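> Please work from the sequences and hints to get the whole structure.
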Amino acid sequence: MKLTIYSSTQTQEYDIHYLEVETSAGNFVILEGHAPLVLVLKPLQPLIFSRTTSPESHEKQQLPHGGLLKVTRTDITLIINE
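Going by our numbering, 23 is the number at position 23 of the sequence shown; the sequence numbering is gapless.
Don't read these hints as lab results, they were simulated from the structure.
Be aware that one or more of the hints could be misleading.
PhoX-like cross-link-like pairs, simulated, lysine-lysine; straight-line CA separation at most 20 angstroms [said to hold, decoys possible]: (1) Lys60 to Lys70; (2) Lys2 to Lys60; (3) Lys2 to Lys70; (4) Lys70 to Lys42; (5) Lys60 to Lys42.
Between beta-carbon pairs, the in silico distance windows are [said to hold, decoys possible]: (6) Leu37 to Lys60: 17 to 23 angstroms; (7) His58 to Thr23: 15 to 21 angstroms; (8) Glu32 to Thr9: 26 to 32 angstroms; (9) Asn27 to Asp75: 16 to 22 angstroms; (10) Thr9 to Ser54: 29 to 35 angstroms; (11) Glu13 to Thr53: 18 to 24 angstroms.
Here the structure is a predicted model, which means the values were calculated and not measured.
We treat Cβ as the ideally placed atom computed from N, Cα and C, and that holds for glycine.
Given below as structure tokens:
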């Protein structure tokens, strides 16, 4: 699954196994094939994802101002507020 993160200064792309986000509606773990949805991400919440299937291998990024997340069955797009 491809994760693309857009900000006003750069674009980052990752091939990931899963994504975990915190929203005002609760915690979401997104895997490939997830139902399409759009989420508003709260400020100061972590964005956690793994590039492998190993549960010990994950990366964490802080979203200082939150953002907008669009999920399709094969891609995730994140637009970060700045």
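> Just to be sure I understand the hint, the distance between the Cβ atoms of Glu32 and Thr9 should be within 26 to 32 angstroms; is that true here?
holds, 29 angstroms
> Taking the beta carbons of Leu37 and Lys60, is their distance inside 17 to 23 angstroms?
Holds: the Cβ-Cβ distance is about 22 angstroms, inside 17 to 23 angstroms.
> Compare the distance between the alpha carbons of Lys2 and Lys70 with 20 angstroms, and conclude whether the hinted pair is satisfied.
Given pair Lys2, Lys70 holds - Cα atoms ~12 angstroms apart, limit 20 angstroms.
> Do His58 and Thr23 keep their Cβ atoms within the hinted range of 15 to 21 angstroms?
holds, 19 angstroms
> CB of Glu13 to CB of Thr53, is that within 18 to 24 angstroms?
holds, 19 angstroms
> Holds or violated: are the alpha carbons of Lys60 and Lys70 at most 20 angstroms from each other?
holds, 19 angstroms
> Checking one constraint from the list: CA of Lys2 to CA of Lys60, max 20 angstroms. Satisfied?
Roughly 16 angstroms between the alpha carbons, so the hint for Lys2 and Lys60 holds.
> Is it true that Asn27 and Asp75 lie within 16 to 22 angstroms of each other by Cβ?
21 angstroms Cβ-Cβ, so the 16 to 22 angstroms window holds.
> Against the 20 angstroms threshold, does the CA-CA distance of Lys60 and Lys42 hold or violate the hint?
holds, 15 angstroms
> Straight-line Cα separation of Lys70 and Lys42 no greater than 20 angstroms?
Distance ~14 angstroms between Lys70 and Lys42 Cα, so the pair holds.
> Take a look at whether the Cβ-Cβ distance between Thr9 and Ser54 falls inside 29 to 35 angstroms.
holds, 31 angstroms
The earlier numbered hints are all upheld by this structure, with none contradicted.
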